[in-house]
Amino acid sequence: MQTHSFDVVIVGAGGAGMRAALESSTRAHTAVLTKLYPTRSHTGAAQGGMCAALANVEEDNWEWHTFDTVKGGDYLVDQDAAEIMCKEAIDAVLDLEKMGLPFNRTPEGRIDQRRFGGHTRNHGEAAVRRACYAADRTGHMILQTLYQNCIKQDVEFYNEFYVLDLLMTDVDGEQVTSGVVAYELATGEIHLFRAKSVIFATGGFGKVWKTTSNAHTLTGDGMGIVYRKGIPLEDMEFYQFHPTGLAGLGVLLTEGARGEGGILRNASGERFMERYAPTIKDLAPRDMVSRSMVLEVREGRGAGPNKDYVYLDLTHLPKEQIEAKLPDITEFSRTYLGVDPVTELVPVFPTAHYAMGGIPTNVQTQVLRDNEHVIPGLYAAGECACVSVHGSNRLGTNSLLDINVFGRRAGIAAAEYANTVNHVELPEDSQGYTITLVEQLRSSTGSERVAVLRREMQETMDMNAQVYRTEATLKQALDDVQELKRRYKNVSIQDKGVRYNTDLLEAIELGFLLDLAELVVIGALERKESRGGHAREDYPTRDDVNFMRHTMAYRRTDEGGREYVELDYKPVVITRYQPMERKY
Amino acid sequence: MVSLPVGTLYRGGDGMWTWVLHRITGVSVFFFLLVHVLDTALVRVSPESYDLVIASYKTPIVNLLEVGLVGAVLYHALNGLRIVLIDFWAKGPRYQRQMTWAIATVWIVLMVPGAFFMLKHTFEAMFGSTS
Amino acid sequence: MRINGRNRLACKSLVKDLDISKPITVEAIKGLPLEKDLVVDMDPFFAAYRSVLPFLIPAGHEPSKDRLQSAEERARFDDTTKCILCACCTTSCPVYWTDDQYFGPAAIVAANRFIFDSRDAGSEQRLEILNAKEGVWRCRTTFNCTDACPRGIEVTKAIQEVKRALIFRRV
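Protein chains in written order, with our numbering: chain A, 1 to 584; chain B, 1001 to 1131; chain C, 2001 to 2171.
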């Protein structure tokens, strides 16, 4: 077993992780650990764009952007965080351009911007062109550009190193970060990484659902790890279902398609969003569009042989525009459904897309262990963190912005902290938990199979905890997930080897997914209101009196040694905008 | 790391096979040249030895090989021109497949009558006159 | 991976597009050290990528807002920005199979992306790096790379552009 020593260890090499690495590596001795290779991170799948009030195309300013973000999050957004993000957005975009990102350009040669859902001028007057983009592969370009600059700065990567545990040492009664434990995929060896600061940038957990835009690797590892250490997870019931996933598959078609003028139609060809969001119609926030689509299907206006989806219509757009601005989604549609968007209507339906909740942090990206206190040396940024800058629903193009703004903040904060302290001794038997976890799975002779349990979890979550939820469906989901957690104790794997044992890692990932699925459902059960991405049919309105607060979920153990979930609440930070009715 | 077999043959496209053929024809013509330099060099030994060797080439098999040689040189030359265009013409790579078709056509158009005329003599010797 | 003898992305290859009357052969890509099953060691591939300085080397002082670039200038290098570093091209190259010192198509595409980016000033450096025996001159215009690229990048054309830039000393 090897031990390494660094000042800052970053877990995850996606947008947030690499942006943090760019700041941290110039200030302190940094290592980035990723279970993949950096350019395989899911940031690369993002298509639509990154928004900032550059005002290159039309009049715009960061205050309007902040308002849109707060309203888009159905007023659960911590407004001080939103202000910071929108103010720093402009520099975030310009920094990327300086790093080489090939944005699309206006005729004058400036960074081009386009319309996107939920982004308006003057507090909701009309849609505004705020999203900076690179064809329909903005995420890919951001990921590549960040990786290229990491190469330029000679950032140290440990690829295919799977972090499985966080190490914290008790110092004068307080838990202080001391490092992480990682499993090397190539050899099966366990590695200890001593660190003064640790940044988690591990992304979301879409694989909890069956229909999702997320890749197989999005299994909420970072969230799962900190949750198991007694750190709370915030707002887990808020998960975004992106409206335009390819029907039946979940593969994402960017909101940019609607930004370019695409229209959603039901079976009779009606532009149904006119009824649900009269002002900005198809560019309403994603949660509203998804609910509208589900309602259209519920009320019998769905299209297709089973009447279970709606259409995205791009046929009225010029072929050159589609091929220049939306080449990748055109290919997805052709490849996976055999439908050509230039001439045909594309079947779409909501797909599990983004975790608004996650590891709670303050605006300096320090991880909170309760409503007030931070854990020294622990940071989180990106989708796995909850600042909370997206509240109960995230606007499109705000995530690529979030990862850059808070990734940068995390990198600077972690490095500056590391430069003021010494290493803390690792706790006793640091590797014990991980070795037990790995060996138990490797040598288990149980009867359950990982793929079976995972499929059952995904199906019950799709059926019972998707766009619309009720007490009954959520209780069903909870029962199913808890039963699956019991069965998981009896899981075994086929591959008992040490080299490239993906069987073993999928089994570990399933453990994280089950923990997180349970939190989603429990949070959803307790939140008896509808807000943003969480829609309760039995409680269809927003209840600011009782539920204007963040959910904080803690893992506790009772006297019998059994684990259970305890929910607490954290107030929302309100600075400028009092909650209003959310109409578009 | 264990050294393992490289698996099946790579199913490359027309680009790969034109390259393979270019290399085969190039190597073959090179060996022909070697032989040809040597047999012509016999002139310096004695006129009789030169005549003997040249006479030994007057067989149907060698006639066929001669056709093969012309085919190889013609292919290598035409593909060589194609490669020059690919390298020096900006649109070259984009039209590489069309160029392959073009040289294939030229090759067939030249080789079919060419082979006929080259083999005519041998046919007549073996089977009698064609007229 | 190699599917029925050809480099493809497994996640984009539909079974229905293959001949299912015969077994489908699935193999690891050629030219990189084989680790296990379909897993190869990608380190040499990324090392070649890193060695062409695949990052923007700007010139002059930093502007306070976005650096200007016209739509035409942006379009000039659009094709090569699509690369996802999947290694389909490099591991389909017959030259790379026999010579692992060759940079390979992917690295040259990465260099091309920056050489022809109007905001970049490092063209000379990159051209010199590729002006080596194992550099761009190893390309035999076999076109396996262009055929294999799942993103539809005209890889051989990108390599040709670098060769021409070296020959004519014009970018």
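Treat the hints with caution; some may be incorrect.
[Claimed, not checked] When the alpha-carbon atoms are kept at most 20 Å apart in a straight line, the in silico PhoX-like pairs for lysine-lysine are as follows:
hint, chain 1, residue 1, chain 2, residue 2
1, A, K570, A, K528
2, A, K87, C, K2036
3, B, K1058, B, K1120
4, A, K496, C, K2133
5, C, K2036, C, K2016
6, A, K307, A, K319
7, A, K152, A, K98
8, A, K98, C, K2036
9, A, K485, A, K281
10, A, K229, A, K485
11, B, K1091, C, K2065
12, A, K229, A, K307
[Said to hold, decoys possible] Under 8 Å between C-beta atoms, here's a sample of chain C residues computed to sit facing chain B:
hint, residue
13, R2002
14, N2004
15, G2005
16, R2008
17, P2094
18, T2098
19, K2133
20, W2137
21, R2138
22, R2140
23, T2141
24, T2142
25, D2147
26, T2156
[Claimed, not checked] Here are the computed distance ranges between Cβ atoms for each label pair:
hint, chain 1, residue 1, chain 2, residue 2, range
27, B, P1060, C, F2168, 47 to 53 Å
28, A, N546, C, P2063, 30 to 36 Å
29, A, G248, C, F2168, 29 to 35 Å
30, C, D2017, A, E425, 27 to 33 Å
Calculated from the structure, these hints are not laboratory results. Built from N, CA and C at the ideal position, the CB exists for glycine as well.
Hints violated by the structure (listed by number, smallest first): Hint check: 2, 4, 5, 6, 8, 9, 11, 12, 16, 18, 19, 20, 21, 28, 29 and 30 fail, others pass.
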